[in-house]
Amino acid sequence: MSHSIKDIAAALGAQAFGAVDRLITSVQEPARAGPDDLALAMDVKYAESLSSGKARAAMVWEGADWEAMGLDAAIIPKRARFAMAPLTALMDQGQGFGAGIHPSAVIDPSAELADDVSVGPLAVIGPRAKIGAGSVIGPQCYIGMDVTIGKDAYLREQVSIGARVRIGERFIAQPGAKIGGDGFSFTSAEKSGIEAVRESLGDQQETEAQLWTRIHSLGSVVIGNDVEIGAITTVDSGTIRDTVIGDGCKFDNMAQIGHNVRIGRDCMICGHVAVAGSTVVGNNVVLGGMTGVTDNIFIGDRVITGGATKILSNVPAGRVMLGYPATQMDKQLEIYKLIRRLPRLFRDVTALKNQTSDDSKD
Amino acid sequence: MSHSIKDIAAALGAQAFGAVDRLITSVQEPARAGPDDLALAMDVKYAESLSSGKARAAMVWEGADWEAMGLDAAIIPKRARFAMAPLTALMDQGQGFGAGIHPSAVIDPSAELADDVSVGPLAVIGPRAKIGAGSVIGPQCYIGMDVTIGKDAYLREQVSIGARVRIGERFIAQPGAKIGGDGFSFTSAEKSGIEAVRESLGDQQETEAQLWTRIHSLGSVVIGNDVEIGAITTVDSGTIRDTVIGDGCKFDNMAQIGHNVRIGRDCMICGHVAVAGSTVVGNNVVLGGMTGVTDNIFIGDRVITGGATKILSNVPAGRVMLGYPATQMDKQLEIYKLIRRLPRLFRDVTALKNQTSDDSKD
Amino acid sequence: MSHSIKDIAAALGAQAFGAVDRLITSVQEPARAGPDDLALAMDVKYAESLSSGKARAAMVWEGADWEAMGLDAAIIPKRARFAMAPLTALMDQGQGFGAGIHPSAVIDPSAELADDVSVGPLAVIGPRAKIGAGSVIGPQCYIGMDVTIGKDAYLREQVSIGARVRIGERFIAQPGAKIGGDGFSFTSAEKSGIEAVRESLGDQQETEAQLWTRIHSLGSVVIGNDVEIGAITTVDSGTIRDTVIGDGCKFDNMAQIGHNVRIGRDCMICGHVAVAGSTVVGNNVVLGGMTGVTDNIFIGDRVITGGATKILSNVPAGRVMLGYPATQMDKQLEIYKLIRRLPRLFRDVTALKNQTSDDSKD
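Protein chains in written order, with this note's numbering: chain Z, 5 to 366; chain L, 5 to 366; chain A, 5 to 366.
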């Protein structure tokens, strides 16, 4: 499918210049772009590869002299990074999941699918599940009983959604995401070592070894509108209340959201993040890759964590955190520098001790 | 399904008071509980929400004046946290997986399923697999050849179990758990840089770049009784001997247990934990979320690790560990405090150096 | 299936001694080996268990007096660890996936499968996918549209491969691996807090809370020859160019390779590793378990990281790294020792301050 420069620019709310009726079939990096591609060169650093390449049309930086670089047509967006969203949406060839309900899908007769829902081969949809208009349930997905999914969902292959999960509109799930597993919650007949350690911060006290007995999850998961869940990310069901994911949250791959967790709206949760049980995360929070958050704490609005941060206690709103244990990023970066200088510090202190010892002999 | 207060209390081994024939349909937090719910208020901090809410029955703390809070009936358990286990087991509505063998399941004729086994839609069961009485094999599960699963197993959707895995009774697997993948074991024709670094702790010596040749896993996985495996947790097959998981172990989501690992009984392995190849873990060990354990080491009985602990060497029995690298928790917490005070220490040492330098000029 | 000692030694390029026509049915550790097993005892530490066990044949260390240990036959390899590769390949009983195309598989008529491709039950193969000769597509796998897989691939159960992914020869994927999910790439209409923090290293500046708009992945994933992907490891599609995995790379379980990442040849990527978007990794790199690599950086050839290393900036070729943040391993090990001695250092400095203060009073 091809699009004119003019139409692309319109979709981006950007300005088009030159041969605006030129047709574009795909998008490429400047060095690889051919005559039918739109080269992406939104920074002056691409000027050379653009001039030496075969592109005839490009999306360029503000003020670029596109004619001098041999282009016939150019698009100049207001904010280059934001223009990538409508541009890639327009050019996405998708997964090619077919329309309609594949005959190999196993759909409970009591499930309610809007007329235009697509269900892929070998998918399973359980009793009384409700799927909104325009939704695509990918191949080999599993939708449990009493699940509700709003309109315009797009589930890649092999996603599973457990009983009673309720999901808003425009939900996207990457391959193998798992929503609504039972929470990890166990108890013991007597006080356990881990309970003692939580109190004492280091001592198992007089506790005896215990057997673990499971606490079932009676709650489920509630997910707002415009949420995207990454490949094989898991969101567990709540124990009594539901686990809650707010509107507009985006999750990367292999994140794990524990039981009872509440996450506000418009958060960005990167890869391999884990948020342990019953923790409450505010709005507009960004958890960098491999961030861990302990259970039963509060993360304020607009908190941002750097990669691999491990949060062991509450974090006030607006803080930017880094490290293990999490510390404010600017302080942590200073500490990292000082730690690298520890060998010298130890030598300095040894020298001072020797000197003082010498002095006292004087 | 509803239960009387009297019957619930009996299931919990707890005392019931007031209108003990009152019927309960579900369990709720105090603020959300309605007249047909059992409010969970096992701590005095819930007194206000209980009084202001609509609950007529609650499970309350020892000594609570339930009548004064407007309740008709109350349950008082001995140990509130432990009472959650039988209570939630009783009230769990489950996943609604049907009884019997779904006609879309693909079951090898040589597989042996006890009479009352349930197999969900589009599940696959391989040659000579044996499934014990009362077991539920969820939708889209895969059970490999020569697998043995004991009685009363409950496998959620999309679980896979590789060839020759042997599992005890009352096994539970959350969505997408993967048991019996091949271990990650590779070798090279000549000594590799990583072999050199393991010896030298930092130097690749004169090694050359190597190709990696795989070592196949001839062993499998053996799992004891009463084990639960979290969503998309993986347990890899052993190289020669089997990987072994002891009775009563509980795993959260996205844990990874490497080839040849042996884990004792009644361990609790939290989310995102990784235990690398050939490591031996004792009994009653608790590995906190994101704990990593290196290969070929020993973790003693009753060791507990805090969140994100990284264990790089053997840990004696009973130790409580924290940090990267793992250190005893009380020492680590002291070190964390001192690290935060490093900027001041560096200033102090600089001042001492200046002063001593001044002194020596005197 | 049994093999003679002579044939096994030939497959290993090793020397055979004694009753070389003796037939072996499986491989065991020395203490467990019976008369029909080959005991693995390539180190002198196994001498006692070999002598006291029931093995009649063993693979032993250079110079072992195998007759004195009661054996009838012995194999002595040149490099014991490397001999494990052909030995385990020979003795592997595999998963028993059947030949041919299972009637329950759903294969698009436009897909091109070489004559001897095996497709397991309930697998799905999309439009125009091409699968090379000798390949095995396991049960419940999903192969998307326009995917190309070279000859002799072996996919365990429940693997998924998204549209347009191109994979070389002899590809192996463990259970549940997911290739070609959409990259995690989002943008906002105005500058976001995280953009500000990347510039300022700690300050969100005057940014306002933003909504996240997705950037679609127009690129796909290209994987070279002889690559193995671990259980539920994910490799995401590129944004414009493809994500690239070089020849000979081996991935353990639960690794996550972000969009646009390029990984060179013959790398070893251990469990729970995450490589964030657009990072470039050289050849022969080894990333230890739980290593994290931030986005948009370069890792040189032959870099090795210890367990749980977190790389926040470029690493030159040949470096051996450890820790968070990553530091050269030898320096990091020294720093770890000094950190453990911090309590004493603080006491020393306090003493020096007191002494100097006393001195100045003199």
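Be a bit skeptical, because a hint or two may be false.
FRET-style restraints, in silico, Cβ to Cβ [claimed, not checked]:
| id | chain 1 | residue 1 | chain 2 | residue 2 | range |
| --- | --- | --- | --- | --- | --- |
| 1 | A | R345 | L | A355 | 16 to 26 angstroms |
| 2 | A | Q97 | Z | R85 | 33 to 43 angstroms |
| 3 | Z | E52 | A | Q97 | 50 to 60 angstroms |
| 4 | Z | G322 | L | K357 | 21 to 31 angstroms |
| 5 | L | L205 | Z | E52 | 42 to 52 angstroms |
| 6 | Z | G67 | A | N318 | 47 to 57 angstroms |
| 7 | L | P107 | A | Q97 | 46 to 56 angstroms |
| 8 | Z | Y340 | A | D120 | 24 to 34 angstroms |
| 9 | L | E212 | A | Y340 | 54 to 64 angstroms |
| 10 | A | A321 | Z | E52 | 42 to 52 angstroms |
Only pairs whose alpha carbons sit at most 20 angstroms apart, straight line, appear in this in silico EDC-like list of lysine to aspartate or glutamate [stated by the list, open to error]:
| id | chain 1 | residue 1 | chain 2 | residue 2 |
| --- | --- | --- | --- | --- |
| 11 | L | K335 | L | D352 |
| 12 | A | K341 | L | D334 |
| 13 | Z | K357 | A | D334 |
| 14 | A | K335 | L | D156 |
| 15 | Z | K49 | A | E203 |
| 16 | L | K357 | Z | D112 |
| 17 | L | K357 | A | D362 |
| 18 | A | K82 | L | D96 |
| 19 | A | K82 | L | D207 |
| 20 | L | K49 | L | D25 |
| 21 | L | K335 | A | D362 |
| 22 | L | K335 | A | E199 |
| 23 | Z | K195 | Z | E173 |
| 24 | A | K357 | Z | D96 |
| 25 | L | K341 | Z | D207 |
| 26 | L | K195 | A | D305 |
| 27 | Z | K341 | A | E203 |
| 28 | A | K195 | Z | D47 |
| 29 | A | K10 | A | D25 |
| 30 | Z | K335 | A | D362 |
| 31 | A | K335 | L | D96 |
| 32 | A | K357 | L | D352 |
| 33 | Z | K335 | Z | D362 |
| 34 | L | K195 | L | E173 |
| 35 | Z | K82 | A | E212 |
| 36 | Z | K82 | A | E199 |
| 37 | A | K357 | Z | D362 |
| 38 | Z | K357 | A | E203 |
| 39 | L | K10 | L | D119 |
| 40 | L | K82 | L | E116 |
By construction, these hints were calculated from the structure, which means they are not laboratory data. Just so you know, even glycine gets a beta-carbon here, dropped at the ideal spot from N, CA and C.
### Structure versus earlier hints, numbers of those that do not hold, lowest first
Numbers 2, 4, 6, 7, 8, 9, 10, 11, 13, 14, 16, 18, 19, 20, 21, 22, 23, 24, 30, 31, 33, 34, 38, 39 and 40, in rising order.
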